[in-house]
Amino acid sequence: MISQPARKRLNIRMPALGGQGAVTAAHIIATAADYEGYYAVSNPFFGAEKRMAPAESYARIGIEPIYDRGEVVYPDIIMVFHHHVITMGKSYTMPFYSGIKRDGIIIINTDEELLKPEDYKKLESINVKVLNFPATKIAIDIAGTELSTNMAMIGVLFGATQIVGLPAIEEGIKSRFMKKFVASGGTASLDSALERKFKKKLELIEKNLNTAREAFNMALEWAKENGISPMLPPAPMKKQEPVQA
Amino acid sequence: MGNNGVYQGVNKSGQKIVSPDYMLFEAPREKVFMTGSEAVKEAVKRASVDASVSYPITPQSEAAHLIGELWVEGYVGVYFRGESEFGVMSEVAGCSMAGARVITTTSGPGTLRAMENFPMWAGSRLPIQLVLMARGVNSPLSIQPDNLEISFLLDTGCMIWHAENAQELFDMILAGFVVAEKTDVHVPIITAIDGFFISHTRESIMIPPEDIALPPYNPYVSPTPIIDAEIAPGRYIKDPFVMKSNYISYATHASWQWEVRAAIERSRPYAKHYLRGLIEEFGDSEAELVFIASGTAASQAKEATRMLLDEGIKAKVVKVKSIRPFPHQELLEATKTAKYIIVPEFNVVGWLEREVRASFYGKSNATIIGTPRVAGGMTMPPEIIYRDALKILGKEVSYVL
Numbered sequence: 199m200i201s202q203p204a205r206k207r208l209n210i211r212m213p214a215l216g217g218q219g220a221v222t223a224a225h226i227i228a229t230a231a232d233y234e235g236y237y238a239v240s241n242p243f244f245g246a247e248k249r250m251a252p253a254e255s256y257a258r259i260g261i262e263p264i265y266d267r268g269e270v271v272y273p274d275i276i277m278v279f280h281h282h283v284i285t286m287g288k289s290y291t292m293p294f295y296s297g298i299k300r301d302g303i304i305i306i307n308t309d310e311e312l313l314k315p316e317d318y319k320k321l322e323s324i325n326v327k328v329l330n331f332p333a334t335k336i337a338i339d340i341a342g343t344e345l346s347t348n349m350a351m352i353g354v355l356f357g358a359t360q361i362v363g364l365p366a367i368e369e370g371i372k373s374r375f376m377k378k379f380v381a382s383g384g385t386a387s388l389d390s391a392l393e394r395k396f397k398k399k400l401e402l403i404e405k406n407l408n409t410a411r412e413a414f415n416m417a418l419e420w421a422k423e424n425g426i427s428p429m430l431p432p433a434p435m436k437k438q439e440p441v442q443a
Numbered sequence: 036m037g038n039n040g041v042y043q044g045v046n047k048s049g050q051k052i053v054s055p056d057y058m059l060f061e062a063p064r065e066k067v068f069m070t071g072s073e074a075v076k077e078a079v080k081r082a083s084v085d086a087s088v089s090y091p092i093t094p095q096s097e098a099a100h101l102i103g104e105l106w107v108e109g110y111v112g113v114y115f116r117g118e119s120e121f122g123v124m125s126e127v128a129g130c131s132m133a134g135a136r137v138i139t140t141t142s143g144p145g146t147l148r149a150m151e152n153f154p155m156w157a158g159s160r161l162p163i164q165l166v167l168m169a170r171g172v173n174s175p176l177s178i179q180p181d182n183l184e185i186s187f188l189l190d191t192g193c194m195i196w197h198a199e200n201a202q203e204l205f206d207m208i209l210a211g212f213v214v215a216e217k218t219d220v221h222v223p224i225i226t227a228i229d230g231f232f233i234s235h236t237r238e239s240i241m242i243p244p245e246d247i248a249l250p251p252y253n254p255y256v257s258p259t260p261i262i263d264a265e266i267a268p269g270r271y272i273k274d275p276f277v278m279k280s281n282y283i284s285y286a287t288h289a290s291w292q293w294e295v296r297a298a299i300e301r302s303r304p305y306a307k308h309y310l311r312g313l314i315e316e317f318g319d320s321e322a323e324l325v326f327i328a329s330g331t332a333a334s335q336a337k338e339a340t341r342m343l344l345d346e347g348i349k350a351k352v353v354k355v356k357s358i359r360p361f362p363h364q365e366l367l368e369a370t371k372t373a374k375y376i377i378v379p380e381f382n383v384v385g386w387l388e389r390e391v392r393a394s395f396y397g398k399s400n401a402t403i404i405g406t407p408r409v410a411g412g413m414t415m416p417p418e419i420i421y422r423d424a425l426k427i428l429g430k431e432v433s434y435v436l
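Sequence lines, in order, name chains Y and F.
For the first sequence, the numbering used here begins at 199 and goes up steadily by one.
For the second sequence, the numbering used here begins at 36 and goes up steadily by one.
Simulated from the structure, these hints should not be mistaken for lab results.
Keep in mind that this is a model prediction, so the values were computed, not measured.
Among the hints, erroneous ones may be present.
Said to hold, decoys possible - Here are the simulated lysine-lysine pairs, DSSO-like style, with alpha carbons at most 30 Å apart:
1) Y:Lys-319 / Y:Lys-335
2) Y:Lys-320 / F:Lys-349
3) F:Lys-374 / Y:Lys-372
4) Y:Lys-299 / F:Lys-349
5) F:Lys-398 / Y:Lys-299
6) F:Lys-66 / Y:Lys-436
7) Y:Lys-206 / F:Lys-217
Work out the full structure, taking the sequences as your base and the hints as a guide.
So this is what it looks like as structure tokens:
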């Protein structure tokens, strides 16, 4: 706790419930950060996920090559996708913020306060800021479906941390929905159901982009109000060309 | 051979045939952002593979599936699903005996189920490639990362390389065929990774164009005639030498046991060339604190080395890329300045620590410590390696929470 060196890496842990798209979100976050010119890696929790059961994914973003693999045990950022993570202990770690590093940020998808005064006391002692953010509400308002919750979470992450801009976020989302990659076979079948629901893929992308954009701007405002400066130095490899297939 | 390492002609998939050196070292590469499983597909696509047999088991199922997509796209000659891992490893042996370049993938309990076949491949001198995505075996059951199964494969007579990341896996798959198919080697190659940590992680890698490929396998380079009824291994299959049907066949059989191991030793110069060394060093070259690690443990040790440097402590990581053959000389050379050698591992038995101890016995004065060890799916945060290293040095641990 005494001599933690200057931050060169953001390690992000995303506790969620199966079906919320946290794995897809981690992949888009890493793709966007890669596009921005950072080193980036993403991975899911290695288990047997199912709908509504705990599911977790991780992204690492940094200014030097990233070797670290696996679950993030000591995160700088925790993004809670669902209130059950806190209220029902649907989390691989208890409490859900165990291991959080000094000066970190916790983003919680919620309309109401879920933490207790003793949680705040502990988190404030290591200068961790908490952002309660209605990601699902924004997804429903803008995209018309709670399935875009993960897009709002992507936006809020980059707005709060100020390391990746909107063009790179758009690139990350587009590279996901233009079928350049899929997170899993199950996600691929969900895609086809979603496509029917939205009629057109491009419309789906546009709604997702709008959701991420709105969340980004709201979180950016919050970060400025709270005196949070960009959480990493500028990207070491600014990108000229689009992400490859 | 034409200019720029491009041989005359195309392979069965219509890709331009290039020399292995051009493929691995000279061809222009572009950056892609993908998982380790997808990297397997990209490597197999450029490897002029004749046949592949698959069977589903986590975490290699996606890679096996993607090789099937290559068959659909016309890049792999034959592809089907076996009855079990035992069936798969037998069937790829048949393909290889018939003169095909063959690759397959498995994980954890699948490896153990197929076990009888791995020494059979080696004894039959089949240059089959197995991409091993290690996971827990039933000790007790885990479907998560753990590389205990590599210890079971150490003495099967197969070469074993351990890739650290998707990039290294991509390159090792291509190099694996090239080295395994040398006439004076011609034994199976197991390209291992720590499952999930590589297979399921998305990262950037550099790959050459998809319209070039390795030269196809030439079965006439085999040191044994293809399915010959009289000479090993065909004879040995039809009429086992062990039956002592005559003195000559018995002597041949007995010497063959040693010859398989000698063949692995003869792979050293080729492996050194195509892997750019059997080991890789990272960190301070004069360090007294040295980590010896392979696969993902090497990644975690590299992160710990950076954290130690932040504390003013110089350390280095010596990554073991080739487990069979084992780089005895290279490791001794790389640890000359070491007072402490720490071996972090993703398994409960510490097989790499055993290998290092056996290799260094009577040759090194460094203290060898096998820590940390995680098993059954646990992750190994670099903070824990850093903590253990500080404790070994008798220093205060400052910032692990």
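Results of checking the hints against the structure:
1. Y:Lys-319 / Y:Lys-335: holds, 28 Å
2. Y:Lys-320 / F:Lys-349: violated, 34 Å
3. F:Lys-374 / Y:Lys-372: violated, 52 Å
4. Y:Lys-299 / F:Lys-349: Holds. Y:Lys-299 to F:Lys-349 sits at ~24 Å (cutoff 30 Å).
5. F:Lys-398 / Y:Lys-299: violated, 43 Å
6. F:Lys-66 / Y:Lys-436: Status holds; Cα separation ~14 Å.
7. Y:Lys-206 / F:Lys-217: This hinted pair is violated, its Cα atoms lying about 45 Å apart.
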